[in-house]
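> Sequence:
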Amino acid sequence: MISARVDRLRDTVPLVQCLTNTVVTQFTANVLLSAGASPAMVDTPEEAADFARVASGVLVNLGTPTAAGYTAMREAVRGAGEAGTPWVLDPVACGGAAARTSFAGDIVRHRPAAVRGNPSEIRALAGLVTGETGPSVGGRGVDSTDEVESASVAAAAVSAATGAVVAVSGPRDLIVSTRPDGTTRTTRLTSGDPLMQRVVGTGCSLGALTAAYLGAELSGATGSTGFTGSAGPDLHTAVVAAHAHAGAAGTAAAREASAPGSFAVAWLDRLYSLSAADIAGSVSLDE
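Here the sequence shown stands for residues 15 to 301, where the numbers follow the numbering used here.
Derived by calculation from the structure, the hints in this document are not laboratory data.
C-beta atoms are modelled at their ideal positions from N, C-alpha and C, and glycine is treated no differently.
Keep in mind that a hint or two might mislead.
Using C-beta positions, here's what the derived DEER-type ranges look like [stated by the list, open to error]: (1) D195 - V279: 42 to 50 Å; (2) V214 - S272: 12 to 20 Å; (3) T85 - S52: 18 to 26 Å.
Let the hints inform the model, and build the full structure from the sequences given.
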């Protein structure tokens with residue numbers, strides 16, 4: 015079903031509001047445009063809620079927070095909640111700095127559609143939503159000190175507590191959600207290339223791409239065309255498709271670029287040019 019999601023994204027051109035960090039703003043906008051979505055970097059407190067009500071999806075990224083930024087994020091989440099707009103939390107450096115950790119623990123209770131982070135961030139977030147304590151798992155900014163599989167229990171806990179699809183990024187991505195009966199659904203996805211870790215913004219822009227796929231998923235479920243044979247929106251598969259798109263483009267880009275600068279350009283090109291079938295066929299899924 016990945017190829018259907020890619021086609022739907024490109025057909026609907028979802029509008030994604032990005033409240034993201036200043037290091038990656040332009041790169042994130044270009045990623046969304048290349049993939050087939052429409053970016054809107056609307057991050058002022060006065061406009062955030064209004065825009066979240068009309069956007070297809072919203073990204074809340076904690077990378078470079080400011081007092082005004084925190085206010086804008088709260089407003090965007092409020093507007094998204096009122097309108098039913100899916101929003102994605104990227105808890106950058108959660109567990110590594112007190113102010114943003116506290117903010118992440120508060121904002122995640124407003125039920126994001128998805129959470130995307132590295133293993134350290136997801137483990138720290140799990141401690142906040144469950145109240146459980148354990149060994150410090152920290153992190154160095156956006157760099158994780160933990161392996162992906164070490165965060166599987168934490169990801170399930172965050173999903174169960176918030177209803178979000180939780181994606182743990184790494185060489186083998188882990189995507190976890192909670193079914194209506196309370197059981198855990200888990201997908202492991204292998205794709206991409208190590209050069210992605212040498213380009214600032216690949217992870218943060220994946221959060222925006224996830225918001226785009228969630229917006230397209232809900233548009234596909236409620237619009238006139240929908241998904242043939244679908245019983246309704248499948249946010250888990252939408253998150254998997256976002257990771258597959260990013261990873262497949264990374265794999266393809268690495269075939270033509272051997273260093274970070276040229277790789278970044280090639281990655282944008284492949285996000286744009288890979289067909290839905292190419293994307294679906296170049297990733298390894300384990301469910």
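> If a hint holds in the structure, say so; if it does not, say that too.
Outcome of the hint check:
As the Cβ distance of D195 to V279 is approximately 46 Å, the hint placing it in 42 to 50 Å holds. Taking the beta carbon of each, V214 and S272 are about 18 Å apart, inside 12 to 20 Å as hinted. Judged by the Cβ atoms, the range 18 to 26 Å given for T85 and S52 holds: they are separated by roughly 25 Å.
Violation of the numbered hints given earlier is absent; every hint is satisfied by the structure.
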